[in-house]
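Colleague: Sequence:
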Amino acid sequence: MNSFYSRLAMQVPCLAIVRGVGSKRLSLLQVLSCFLLHTVASNCCSADIYFSIGSDGSNRYATSALDASYQLLQQGDTLESTHNVLPPPAPLAARLSFLQRWLPHLRQLSQQHQVDLALILAIIEVESRYNPQAVSPKGAAGLMQLMPSVAQRYGAPNPHEIARHLQAGVMYLRDLQKLHPDNLALVLAAYNAGQSAILKHGQRIPPFKETMLYVPQVLAQRQLLRSIALDTRAPLAAEVVTP
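Using this note's numbering, read the sequence shown as starting at 4 and increasing by one per residue.
The set of hints was computed from the structure by calculation and includes no laboratory data.
Any given hint could be a false lead.
[Stated by the list, open to error] Distance windows between CB atoms, simulated: (1) Lys-212 to Gly-142: 16 to 24 Å; (2) Leu-95 to Ala-71: 37 to 45 Å; (3) Ala-71 to Ala-96: 46 to 54 Å.
[To be verified] Here are the computed lysine-lysine pairs in the BS3-like style, where the Cα-Cα straight-line distance is at most 25 Å: (4) Lys-203 to Lys-181; (5) Lys-141 to Lys-212; (6) Lys-141 to Lys-203.
Note that the Cβ used here is the ideal one computed from N, Cα and C, for glycine as well.
Please work from the sequences and hints to get the whole structure.
Modeller: Following this line, the structure appears as structure tokens:
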């Protein structure tokens with residue numbers, strides 16, 4: 004078995020312990036202190052992210068400290084602290100199968116559209132857990148969970164045409180990066196909640212529970228995947244056989 008794919012596939016399952024012990028939940032900071040990989044250079048945009056607990060006990064995120072209760076969660080590309088827990092890792096077999104077939108293609112798309120490869124992988128991990136059959140209650144479908152209108156806009160209406168679906172998702176990320184340069188938090192929030200939600204809330208992360216959990220989850224997965232995902236020893240994109 005190719006050692007590159009094995010190391011990449013095994014990287015996230017080690018985080019299964021964040022599911023918690025008994026009724027106690029481990030903070031992501033505790034996990035990252037053991038598993039966080041060294042950051043490598045990347046052209047992807049980044050931004051400071053602040054965290055606060057609302058009066059109702061909900062988690063709140065913003066790209067600036069809106070009041071004294073906000074604490075720094077991420078500065079640039081470095082996670083400082085978080086109270087969120089990662090979702091359960093994708094099945095190892097599903098991850099390995101996906102990476103063996105599609106990682107070279109994603110590497111090519113990453114380079115072509117200037118979108119961080121680890122970010123793409125993190126979104127797929129969080130959105131669908133590498134399941135191309137995934138469909139959300141709201142109708143988002145495929146590995147990158149694109150809404151039908153977005154998929155149609157980028158020429159990939161059928162989520163089962165995986166090569167086109169992945170290209171559409173990466174192009175969508177590229178365009179969101181152009182709308183929110185140097186602000187990865189808003190890129191992810193827009194990917195999850197829609198660009199209209201960002202505009203409605205004054206160019207800030209909308210106060211939706213799903214989005215407030217989604218942003219740090221993807222950021223954490225990206226940090227864990229970056230060093231290996233950017234390994235130049237991976238096979239070339241030309242080796243991918245498109246179905």
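Colleague: To test your reading of the hints: which numbers does this structure violate?
Modeller: none
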